[in-house]
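Asks: Spelled out, the chains give:
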Amino acid sequence: MAMQKFFSVLLPDVKRELRRGIIECSKRGLLHSTKWLAEMHHGLADVHIDNEAPDEDRTFSECQLEGIAPEEYSDYFLAKSYYDVREYDRAAHAVRNCESSVPRFLHFYSSYMAREKRRLDSTTDQANLHEPNQMRDLADLLATLRMEYGKSRLDGYGIYLYGVVLKALNLNQAAEQMLVQAIRLVPMLWSAYLELSPLIMEKKKLLSLQLGGHWMRHFFMAHTYLELYLNDDGLKIYEDLQASGFSKSIYLIAQMALVYHNKRDVDKAIELYQALLESASPYRLDNVDTYSNLLFVKEMKTEMAQLAHKAVSINKYRPETCCVIGNYYSIRCDHQVAISYFQRALKLNPK
Amino acid sequence: MAMQKFFSVLLPDVKRELRRGIIECSKRGLLHSTKWLAEMHHGLADVHIDNEAPDEDRTFSECQLEGIAPEEYSDYFLAKSYYDVREYDRAAHAVRNCESSVPRFLHFYSSYMAREKRRLDSTTDQANLHEPNQMRDLADLLATLRMEYGKSRLDGYGIYLYGVVLKALNLNQAAEQMLVQAIRLVPMLWSAYLELSPLIMEKKKLLSLQLGGHWMRHFFMAHTYLELYLNDDGLKIYEDLQASGFSKSIYLIAQMALVYHNKRDVDKAIELYQALLESDPYRLDNVDTYSNLLFVKEMKTEMAQLAHKAVSINKYRPETCCVIGNYYSIRCDHQVAISYFQRALKLNPKYLAAWTLMGHEFMELKNTNAAIQSYRKAVEVNKRDYRAWYGLGQAYEIIKMHYYSLYYFKIAHQLRPYDSRMLVALGETYEKLDKCENAVKCYWKAIDVGDIEGIAMYKLANLHEKLGDHETAVHCYIMYCEDERAATDKQSLYQGFITLANYYEKKGEYERAAYYAYKCLDSEDRKMEAKALLKTIDWKRNAEGQKKVKTSTAVANADTSSEDEMEWELQDVRVRVPITSIATTTTSTTTVAAESASSSSLISLRPDRNLIQGMRRSQSSRTSLTAPASGTTTTPSATAVTMSTEETPGTSGGPSNPPEQAPSDDNSSMEISSVSID
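Chains A and B, in that order, are what the protein sequence lines are. Just so we're aligned: 321 in my numbering is position 312 of the first sequence, and the numbers increase by one with no gaps anywhere. Just so we're aligned: 320 in my numbering is position 304 of the second sequence, and the numbers increase by one with no gaps anywhere.
Among the clues, some could well be false.
[Stated by the list, open to error] Here chain A is said to cover these stretches of chain B; the calculated rule only asks that three of the stretch's residues, wherever they fall, bring their Cβ under 8 angstroms from a Cβ of chain A: (1) 44-55; (2) 204-214; (3) 253-263; (4) 330-341.
[Stated by the list, open to error] Each computed DSBU-like pair below joins lysine-lysine, with the alpha-carbon atoms no more than 30 angstroms apart: (5) A/356 with B/506; (6) B/399 with A/126; (7) B/399 with B/457; (8) B/220 with A/176; (9) A/325 with B/461; (10) B/461 with B/506; (11) B/426 with A/126; (12) B/220 with B/362; (13) B/399 with A/310; (14) B/457 with A/325; (15) B/461 with A/356; (16) B/183 with B/457.
[Claimed, not checked] Have a look at the derived ranges for each label pair, beta carbon to beta carbon: (17) A/106 with B/318: 21 to 31 angstroms; (18) B/156 with A/159: 54 to 64 angstroms; (19) A/252 with B/185: 43 to 53 angstroms; (20) A/319 with B/185: 20 to 30 angstroms.
What the hints contain is simulated information worked out from the structure, not anything from laboratory work. Since the model is a prediction, treat every value here as computed from it, not as a measurement. Heads up, the beta-carbon is just placed ideally off N, CA and C, and yes, glycines get one too.
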């Protein structure tokens, strides 16, 4: 494919980088990053790089074990298996004495996830986001990470987590610095961009960030423009990305739908969401809450009922599902029941 | 490491195989298998194979991509990432058109997991395990897998899943065949062994399985022996595995603790669980079993600490809910305990222990019907759970449906043929059904296999007494009372003592009677009765002594030379002789009157005391019967019912006493007359 001025990386190289990113994030338990990267990778299905089998093998082999010291294989595999079944405290404990970068990151990240899980489990109906106990809980972890950072013992992933914890404790200025640093070190870590985005309050700030020249920055810029409701700026970037070879990306189609939603082009937005649901990804629940808002505005009761039924059959305890059901009852003027479902959504995800 | 005959594989090879297994299971989303393998791998941390870096790299690289066609990488990675965040339907859809083995397995497995998730999410408080919709849901998947299998398009992992679905639909015979086949093809798939194990109902079947010669079979054999409560067989294998190089395995230590729990070596089991908690402080596997042990030992402080710890680690895990349930139960807050067991079942409807524990709690609340429902669910989940069958037997006993009790106790006994508690329960039920011959057989068999509760001989004695066979009853009481330390129920022991004392008193063997009566002085409930009996014995001894003196002075002198005690009594008699005849007669008459009054009191009080004693005996009996098995005590209702049953023999026993006493009184009167005449 010819080089583009806007997107100046060859797609085969992009695909290889995505693949490596998938492995690196997966190893560390960064599951939502892995998912995003895998969706992007899938959108490049027509880009062929797989005839280079021997090289491919080497790439994967280096990738899989890189950052894990041989003498720490036992501890790492044990911890990762606990992490995968969500025994976070146990995972953190299993790699508490490890020194190589991947197990050590898994130790810190598991510790963080254990605290997040406890916080979520203890959420009351009032959804108090800043209970003293949880703040203290994270403060311990913050102190540890700060010390590690001071000794230059955190890699890009570790610095990302440091930024996440700072942000959780409302230390936003420091969080911003750490997240930018993490992005420069690990440009394929999508979670870092997502954590940084809400800290950007205006376009001027966004343009001043020193993120380096990696192609991933385009996705970040577009995403943040949408968050700032600078929809036309975001749309422009997404159109350019589509033209650069990402036209089949599930994520991109979903984001375009969101743009039209924000621009209040309801019909166009609905059209795109329906396209997503019909063929591309019939079991997808990401953004179905936004889609249900659009159906509400258009008073499309039948489609709303169908969407609610579908969402429940896929995952009845997901926050997006609860919002869809809430909108369904709301469109039928059953507001009390609607409230109970919105409350449930908040219980499942207080943020 | 040297080769072992028992375990004939080099440990470095085992470690490599474990590592490969971890990757293979992990990439297919078989997370609990991965966890088990990783724990085993960790237990071999001291086995070194990592200096072969280049080979190692190749192993991982081959492993990681093996079974995934290059053109299917995109679909596979997408599906796996959805799977990892539990979007199962989405994962299945992403690889719906794949042909290579790993993505295709992921398609089927994700489909299965999506259905399981829906079923779990739709679980109601009644926790119906076989709702029609879910059965239909799985039936579709079954049809697909059957078709794939028919075309030989399922690999070992796919055949494993086929077996799982068959089993979920209760097609157990076919499930067994598929799981065995899967194990032969993929011997490192621990999940397959775990799914197969509950389908093995007896040792003979276990030994006949054709699993191949892979070393993993040892872990399966040991695990299944424990499931069959063949604890010594399991222990032997675990000890051999420890000696073969797995001594640091977390899993092995946990299983050893379970063995000792099953063998009722509570202290040893607790010791091992505590060691596990210290080395693996965030582990929640088996904490429910550990909490049962704490319950049995009534270790309230440790129970509270464990509950607090479990909640802080993961408050919504079924094991945590069971620990909290046991915590509230040990504090006799049974209603709250039930709510936590219900929560555990909501989180995992197949959580066997919670069904059984909830049954026990309902028994405490005298809600027999609810208890029966819980126990039924437990045996539905696992037909081999003798505790639930035993619980059913107890529940029907409370509502006096003794034929039902008999049925359920028989099943419990079949599952635990060498457990005396099952036999004692059977014996009691046969008694209530007036099948005394069978009851006798059960009690004797309980004694033969080793009477855990130390109650069977007492039951035999009691039964023979009711049947009027006093000689045999006494024989049994003597055996029961001989080993005081073995008797766990002090009330029953004292009952034995007083019965023997009364028996010998009637036979005129005053020394033996006094021996047993003195032992009863230690019992608050039996003290007064014993004192009264001792007075009777003393009086009778005095009466006989006087008679001898009157008959022959020479004979009396001979007695004096042989017994110090007798000499003392004779001296008293001599002192009395010089007193005028009228005074002597008056004294004797007064004494006789007093003794007669005492005898009358004894006769009238005896039935009441028997009833009271019966109640206490029943309470103690229930406690000892149920506590070891379940960690809970029986309900007051059970006691009440048993007491009412005791009333009948007690009442019939009452009238029989006066006739026995009357002849004795007559004899006393005659003796008194003789004295007067003299």
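Asks: Look at each hint and say if it fits the structure.
Replies: Status of the hints after comparison with the structure:
Coverage of the region 44-55 of chain B by chain A holds. Counting CB-CB distances below 8 angstroms, 7 residues qualify, and the rule asks for three or more. Evaluation of the coverage hint for the region 204-214 of chain B: breached, as 0 residues show C-beta separations to chain A shorter than 8 angstroms, against a requirement of three. With 0 residues carrying a beta carbon less than 8 angstroms from a beta carbon of chain A, the region 253-263 of chain B misses the three-residue requirement, and the given coverage is violated. With 3 residues bearing a CB less than 8 angstroms from a CB of chain A, the region 330-341 of chain B meets the requirement of three and the coverage assertion stands.
With a CA separation close to 55 angstroms, the supplied pair residue 356 of chain A and residue 506 of chain B exceeds the 30 angstroms bound. For the proposed pair residue 399 of chain B and residue 126 of chain A, the alpha carbon gap of about 36 angstroms is over 30 angstroms, so the pair is violated. Restraint check: the Cα-Cα separation between residue 399 of chain B and residue 457 of chain B comes to about 27 angstroms, which is no more than 30 angstroms; the hinted pair holds. Restraint check: the Cα-Cα separation between residue 220 of chain B and residue 176 of chain A comes to about 62 angstroms, which exceeds 30 angstroms; the hinted pair is violated.
Simply put, residue 325 of chain A and residue 461 of chain B have alpha-carbon atoms about 55 angstroms apart, too far for the 30 angstroms limit, and the pair is violated. For the suggested pair residue 461 of chain B and residue 506 of chain B, the alpha carbons sit about 23 angstroms apart, so the restraint of at most 30 angstroms is met. Restraint check: the Cα-Cα separation between residue 426 of chain B and residue 126 of chain A comes to about 47 angstroms, which exceeds 30 angstroms; the hinted pair is violated. Distance hint between residue 220 of chain B and residue 362 of chain B is unfulfilled; the C-alpha atoms sit about 36 angstroms from each other, more than 30 angstroms.
Between residue 399 of chain B and residue 310 of chain A the alpha-carbon distance is near 49 angstroms, which puts this suggested pair outside the 30 angstroms criterion. Between residue 457 of chain B and residue 325 of chain A the CA atoms are separated by roughly 57 angstroms; this puts the pair beyond 30 angstroms, and the hint is violated. For the hint pairing residue 461 of chain B with residue 356 of chain A, the CA-to-CA distance comes to about 58 angstroms; that exceeds 30 angstroms, so the pair is violated. Taking the CA atoms of residue 183 of chain B and residue 457 of chain B, the gap is near 39 angstroms; set against the 30 angstroms cutoff, the hint is violated.
Separation of residue 106 of chain A from residue 318 of chain B is about 28 angstroms and conforms to the stated range, judged on CB atoms against 21 to 31 angstroms. A hinted range of 54 to 64 angstroms holds for the C-beta pair residue 156 of chain B and residue 159 of chain A, which are about 58 angstroms apart. At about 52 angstroms, the CB distance of residue 252 of chain A to residue 185 of chain B agrees with the hint of 43 to 53 angstroms. For residue 319 of chain A and residue 185 of chain B, the hinted distance range of 20 to 30 angstroms is satisfied, since their beta carbons lie about 26 angstroms from each other.
Hint compliance for this structure: hints 2, 3, 5, 6, 8, 9, 11, 12, 13, 14, 15 and 16 are not met, and every other hint is.
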